[in-house]
Amino acid sequence: MAVDEPELARVVVDGVSKRYPGTNGPVRALADVSFTVDPGEFICVVGPSGSGKTTLFRIIAGLEEATEGTVSLDGEPIEGPDADLGIVFQEYHLFPWRTVAGNVGFGPEKRGVPADERDRRVGDLLDLVGLDGFADSYPRDLSGGMKQRVALARALALDPTLLLMDEPFGALDAQTKAMLQDELLDIWSETGKTILFVTHDVEEAVRLADRVVVMGIEPGHVREVVDVDLDRPRTRSDEAFGRYYERILDLIEA
Amino acid sequence: MAIDVGEDVGRATEDEETSVPFVGWDLRRARRGAVGIGAFVALWWLASLVQPAYVLPAPPAVAAAFYAEAVSGAITSALASSVLHWIPGAVVGTGLGILAGIVLGWSRLADDVSAPVVRTLRPVPPLALIGFAIAWFGINHVGAAFIIAVGAFWINFYATYGGVEGVSEDLLDVARSLDVRSDRELVRSVVIPAASPEILTGVRTGIGRCWMLVVASEIFGVPGIGREILRASNNLQVDVVITYILVLSVMFLLVDTAFRAVQRRVLAWR
Chain Y
1 MAVDEPELAR
11 VVVDGVSKRY
21 PGTNGPVRAL
31 ADVSFTVDPG
41 EFICVVGPSG
51 SGKTTLFRII
61 AGLEEATEGT
71 VSLDGEPIEG
81 PDADLGIVFQ
91 EYHLFPWRTV
101 AGNVGFGPEK
111 RGVPADERDR
121 RVGDLLDLVG
131 LDGFADSYPR
141 DLSGGMKQRV
151 ALARALALDP
161 TLLLMDEPFG
171 ALDAQTKAML
181 QDELLDIWSE
191 TGKTILFVTH
201 DVEEAVRLAD
211 RVVVMGIEPG
221 HVREVVDVDL
231 DRPRTRSDEA
241 FGRYYERILD
251 LIEA
Chain V
1 MAIDVGEDVG
11 RATEDEETSV
21 PFVGWDLRRA
31 RRGAVGIGAF
41 VALWWLASLV
51 QPAYVLPAPP
61 AVAAAFYAEA
71 VSGAITSALA
81 SSVLHWIPGA
91 VVGTGLGILA
101 GIVLGWSRLA
111 DDVSAPVVRT
121 LRPVPPLALI
131 GFAIAWFGIN
141 HVGAAFIIAV
151 GAFWINFYAT
161 YGGVEGVSED
171 LLDVARSLDV
181 RSDRELVRSV
191 VIPAASPEIL
201 TGVRTGIGRC
211 WMLVVASEIF
221 GVPGIGREIL
231 RASNNLQVDV
241 VITYILVLSV
251 MFLLVDTAFR
261 AVQRRVLAWR
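Read top to bottom, the protein sequences are chains Y and V. Its first residue numbered 1, the first sequence is counted upward by one per residue in my numbering. Its first residue numbered 1, the second sequence is counted upward by one per residue in my numbering.
There could be a bad hint or two in this list.
[To be verified] Cross-link-like lysine to aspartate or glutamate pairs, in silico, EDC-like; alpha carbons within 16 Å at most: (1) Y:Lys177 to Y:Glu190; (2) Y:Lys110 to V:Glu69; (3) Y:Lys177 to Y:Glu91; (4) Y:Lys177 to Y:Glu203; (5) Y:Lys110 to V:Asp111; (6) Y:Lys110 to V:Glu165; (7) Y:Lys177 to Y:Asp159; (8) Y:Lys110 to V:Asp112; (9) Y:Lys110 to Y:Asp84; (10) Y:Lys177 to Y:Glu204; (11) Y:Lys110 to Y:Asp159; (12) Y:Lys110 to Y:Asp82.
Please keep in mind that the hints were generated in silico from the structure rather than gathered at the bench.
Given these sequences and hints, build the entire structure.
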C-alpha cells in the first residue's frame, strides 16, 4: 500500500495557555488546555468561534508558541514545524505554480528523495486520495474537494506520524464534505495515522472521532473530553449518534 | 480503494466551456486595432494638411524619410549602437533590482537597515545621474548603460519587493512543515515562484522603460536612436524625428511581444 509501516504518535498537550498583546492589556486566547491523544487515535477538537481552537491547532502544529505549557509528540516537545506533523488547512494552500503531482511531491523533493522513488510515492498517494489521472492538472482547474484531496496527499507525503487538520472540510458543500469524511476514515484505518481534527461542526466531530475535545470560550478552555463509543460507519439517524450530538451541543451552548 | 470523484470533476471542467474561443476573440481584436491605426493616421494626415512640414509632416513624407534612413544604413547603425547599451543596461538593472527586491522583501533586518537610503535615492530621476555616468564611466556605452540600468533597477526592485512581501505566510508554513528549513530554500522553492507574477510584470514594465531611457541616455553624445532623434530635432527635421520614434516603437513592440509570450508560458499555471 501507499504508506510504510504505521508508526504511531502520542500527543500530550500540557497546560497550554496563550495570551496576545492587546490595546487594553493582554487578551487570553487559551487557558490551561490539557489533553492527550493516544497513538492511532482520531481526535476532534470542537468549539464555537472564540474558543481558541485554531490557536490551539497552530500551537500543536508548531506554527505559534504557547505562552505557557508544552505540547509534545512522543515525548519530544514540539518547537516548530516538523515533518512528523502533516498539516492540512481549510483553505488548502496548495502551491498554485505546481501541478497536482508537484504539490504532492514537494516534501519528498525537498528532502532529496530520488525522482523514481518520488514518482512512485506520488502515484500511490494520488491513488489513495482518488486523484489518479489528475497528476498534471494545476490547482486552478480543481474543485474545492479535489484541492483538499491534494492537500491531504501532500501532507501524507513525508509519512508524518500525526496528521493535523484545521476545519479541512469547512469550505465544502454538504455532499462533498460527507464523501471526504468517509474517505478520510478509510485513509485513517489504512494508514493508522494519529489524527487531530479541528472543526466547529458537531455532527462532523461525532461522525469522525474516537474522542471529542469540547472547547469553551472566554478564554478558550477544555470543557470536557467526550468518548464517542459508536461503531463505524456512523449515521446521523442513529439514536445513540443523536444523544452524543445533543450532549456535545449542550456543552458548547452551556 | 475506489473513490468516486465524478461529481467533482464535472464542476472543475465547467469553466472551459464558458470561455470565448481564443482565435475568434483575437481576430476581432486585431480588426478593431486596425481601425484604430487607420483613424490615427487619417487624423495625422488631416492635421498635417494645415501645418507646415517642420511642425507636422504628412505620413508620405515620413515614409520617404524612413526609406532614406533605412537604405543609407543609418537606422541599422543607430539601432546597433543603442542595443549595445540597452541590453547590458536592462539586464544588469533588472537582475540587481530583482535581487535587491528579494533580499529586502524577505529580510526584515535588511529592509530596516536600507529603508532610509532606499527612500532617499528612490526619487532621483535617472537623468539626474548623467553627471555621474560621465564621471564614472565616460561618454560611452557603459555610461549610457548605467542610466538605463538605474531606471530598470527601481521598477524591478519595487515590483519584486511588493511581490515578495505579499507571499502568503500560510504557503511558507506549509513548506516549513514539509521539511524546508533554510531561508535560502524557502526563498527558492516558495517565495520566488509565488512572487513570479509580480516579478515578471516588473521586468516587462522595466523593458519598456529602458527603451524610453535609451533616448535620455544618449543625450550627452553616445550614438544611437536617441542621438539621431536629438540631432534631427535640432535641425527641425521632424520627419526624421518621427522615423526614429517609429524605430523605437517597433523595437519596443517586438521585445514586449516576445516577453509577453515568455510570461504567458512561465505563468501558465495561473
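Structure-based check of each hint:
Proximity of Y:Lys177 to Y:Glu190 is assessed by CA-CA distance (about 20 Å); at most 16 Å being required, the pair is judged violated. Under the criterion of a C-alpha separation no larger than 16 Å, the hint pairing Y:Lys110 with V:Glu69 is inconsistent with the structure, at around 57 Å. As the CA atoms of Y:Lys177 and Y:Glu91 are separated by approximately 14 Å, the hinted pair is consistent with the 16 Å bound. Distance check on the hinted pair: Y:Lys177 and Y:Glu203 sit about 12 Å apart at the alpha-carbon level, within 16 Å; holds.
A C-alpha spacing of about 28 Å is found between Y:Lys110 and V:Asp111, which places the hinted pair above 16 Å, so the restraint is violated. For the suggested pair Y:Lys110 and V:Glu165, the alpha carbons sit about 23 Å apart, so the restraint of at most 16 Å is broken. With a C-alpha separation of about 24 Å, the suggested pairing of Y:Lys177 with Y:Asp159 is violated against the 16 Å cut-off. At roughly 31 Å between alpha-carbon atoms, Y:Lys110 and V:Asp112 are farther apart than 16 Å, so this suggested pair is violated.
A hinted pair counts as satisfied when its Cα atoms are at most 16 Å apart, and Y:Lys110 with Y:Asp84 qualifies at roughly 15 Å. Taking the CA atoms of Y:Lys177 and Y:Glu204, the gap is about 9 Å. The hint holds against a cut of 16 Å. Taken as a hint, the Y:Lys110 and Y:Asp159 pair is honoured in the structure, with Cα atoms around 14 Å apart against an allowance of 16 Å. Our distance criterion of 16 Å between C-alpha atoms is met by Y:Lys110 and Y:Asp82, whose separation comes to about 13 Å.
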